[in-house]
Amino acid sequence: MGGEKMARIHTGISGLDEMMQGGFAFPSTVLVAGSAGTGKTTFTLQFLAEGAKRGEQGLFFTTLSEPTQWMLRFVSEFSFIDKETFGRQIKFVDLGGMLRKKDRDPEKLLAFIEEQITEHMPQRIVIDPVSVIGELIKDEYRTFLFDLTTHLKDWQAVSILTGEVLPSEPYPVEISYIVDSVIILSYGLSPEGSRRKYLEILKMRGTQHTSGQHLMDVGKDGITVTVGLK
Amino acid sequence: MTRQNIQIIQSVRSALGSPKNIRRFLFTVRAPSVARINLAVLRILLEERKERGIYLSVERPDKHLMMILERQNLAARSEVCNLGDNPKPPKRVVIATEMVNPVVLIDEMFLALSDKAKGATLDAEIRGMGFIIVDNLATMAIYNTQKDIDEFFRKSNLFLERFPNQKMFTVTARSGYDELHAAARKFAQIEVDIPDEWLLE
Chain A
407 MGGEKMARIH
417 TGISGLDEMM
427 QGGFAFPSTV
437 LVAGSAGTGK
447 TTFTLQFLAE
457 GAKRGEQGLF
467 FTTLSEPTQW
477 MLRFVSEFSF
487 IDKETFGRQI
497 KFVDLGGMLR
507 KKDRDPEKLL
517 AFIEEQITEH
527 MPQRIVIDPV
537 SVIGELIKDE
547 YRTFLFDLTT
557 HLKDWQAVSI
567 LTGEVLPSEP
577 YPVEISYIVD
587 SVIILSYGLS
597 PEGSRRKYLE
607 ILKMRGTQHT
617 SGQHLMDVGK
627 DGITVTVGLK
Chain B
457 MTRQNIQIIQ
467 SVRSALGSPK
477 NIRRFLFTVR
487 APSVARINLA
497 VLRILLEERK
507 ERGIYLSVER
517 PDKHLMMILE
527 RQNLAARSEV
537 CNLGDNPKPP
547 KRVVIATEMV
557 NPVVLIDEMF
567 LALSDKAKGA
577 TLDAEIRGMG
587 FIIVDNLATM
597 AIYNTQKDID
607 EFFRKSNLFL
617 ERFPNQKMFT
627 VTARSGYDEL
637 HAAARKFAQI
647 EVDIPDEWLL
657 E
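The listed protein sequences derive, respectively, from chains A and B. Residue numbers for the first sequence, in my numbering: 407 to 636. Residue numbers for the second sequence, in my numbering: 457 to 657.
Hints were generated in silico from the structure; no laboratory data involved. Glycine included, every Cβ here is placed at the ideal spot set by N, Cα and C. Relax, there's no trap hidden among the hints.
These stretches of chain B come out as covered by chain A in the derived footprint (C-beta under 8 Å, 3 or more residues):
# : region
1 : 490-503
2 : 517-524
3 : 623-633
Computed footprint of chain B on chain A, listed as stretches where at least three residues anywhere in the stretch have a Cβ under 8 Å from a Cβ of chain B:
# : region
4 : 512-525
5 : 550-562
Isolated chain B (complex conformation) (with noise of 0.2 Å):
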């Protein structure tokens, strides 16, 4: 199980607990700690708030991924499937992962939305979840240009727009990253920054 300290667990609380007009949150920690962060999030979501949602990850395979999310309690491997799946019942854990460019994801959404055949049962798959997690920007950055970085906030709130129960979680790592912070910033309607201190157990 991972370490909390109670304070951080008591701010992600916290932020997530902001009025339903709130619903894109960025995440600041040490970059070792963005795991952490991330897990802490999706506890507090599937366990505490009893949602379904997206688990977007950037870089992690989906094979450890899933080991991640059996071995810390958070959802067994019947209960998560991949974007697409849309298996019934409905899974507690969507994921996506290896998504380097996650603009790709966004368009292949609105994509596979358009479709004709798919798109309602898609679009209501999607209705049915209550967030997206996203693992994580400072990766993002390392693969990616600040005009891709851009580009996915852009799209990130026509995905929102369209989307009106869902949102959003970024987290990212908190020095040498001025520019997607900024950016990150912009995007954020309520940013945590999590202080070193805290995670001292």
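The shape of chain A in the complex, shown without the other chains (with noise of 0.2 Å):
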């Protein structure tokens, strides 16, 4: 499988690149999905702050409604987290006020994203999670990420969609066919009996990627994936 001319970027989790070649294809899209508290939105700031390091754009759309700065505090500890760069080489985008209209328009809402992506011209996108735009606009969902993904795989960035699944859901199987990166962030239980979490790429297009689940640390320096461990 090539690769060869692909450009790559490190997404700033450690032991993640050397899983992939080096790094997300650029330009790409990804869908992170995993049930609440596996680390989605650590990965996604983690990549971002990556980005800024390397002196790249980041814009990170959230759909939640909570305030940037709630969830900030949150994950200020981490040590990847340099708050000189928020606002700057990372912009915080909310998208929960448009969603939350009654007369919430999907085409009106990707125009936005566009907006903000022809303002800041990113190289690094995320939208988290992705997966409450369709509980809330429900019959025009399918239509709309199909319109999203094509969108972004023009605005030569690497995007981010991550996806809010049930435990006993494995991925959101409406993202996983029109992106072209799986991430799986999962619970499970190590052979000692203790409550792990877990990473696996199942689906990576144009790249030779280490199959499997491994495990994945949440630390002070963030998400660590130790490859073969289990």
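Build the complex: two chains, separate frames, hints provided.
Below you can see the structure in the form of structure tokens.
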């Protein structure tokens, strides 16, 4: 499998780049799926922080409408967080306001996202979580997802969409078809019987990647993946 | 507004201030920064040097390119047209988008230029413009063979010979494109390598 002519960008997640030929293909779209508390938001912030360190612009779209400051207070203790980059190399944009409107319009939402992208010209984009949009626009969700990913692919960036899933559901199937890569974060039991977190690369177009579930720790330096450990 | 690093701007500006016989430029940068450098070059050409020109995009759709130009305060939609439209008065930026094999564009231009009815008008339109930006060589390499790319450079030379007022700006990503790089360096008269650390704010 190739990747020879594909540029790659580092994720900033220790142990992960080595699982996928050095990083995410640039440009590409990625789904990071997992149930609550598995580390999706931490993953995306670590990814954006890595970009900021490298002089890249990041754009974080939140759909949950919790104030950005509230979210950031819980991640501020991670060593990869550089508060100087907030609002500068990393811009936070709230989509919740548009989603809360009774006359929410997927086309206007997409247009707003594109306005932000053309204004800030990010190399790294996060939409966290995109699955919330599905709960609000229901019948139009699939069309919206298709349009969103089609447009994201044109914007010369690596875009991460996060998807909430129930513990019994491995990943949001409707998103997995239309993205280039799928990474699953999950809980499981270690051989010793303790509850641990795991990361699995389920799909990654054009990339030789390590398969299977691998131990994932979340410490003060952020997420670390240890390949081969269970 | 795209955030720029002073050193990058200075290096681009310095390159653009080269003697008039320097007309083939290559900018080499990390892949994620290709778009940023293209916009930096375009901004200097449009705003500082007050030139009009052609923006050739291998992959971007025209709608997206126009959104970027407008949002980045480079050119309003009313100041942009597609190649061959030849509006009066002329537009600041003429775009040619989704040109997966740009050799086709150059061939079509030469064909149109040979048209008895419309050739003279197109010739005048191109002579009224000062540059062509190719966005970007690395993406071209994904869709085309090295032979196609060599042909693109050969035909670009013919284009520049015919239009001595034109300059061509090409941008490519730094790593993983050895054969492309070698060909691009052979084509270009001047290469500006943007070091990674210059991209840090």
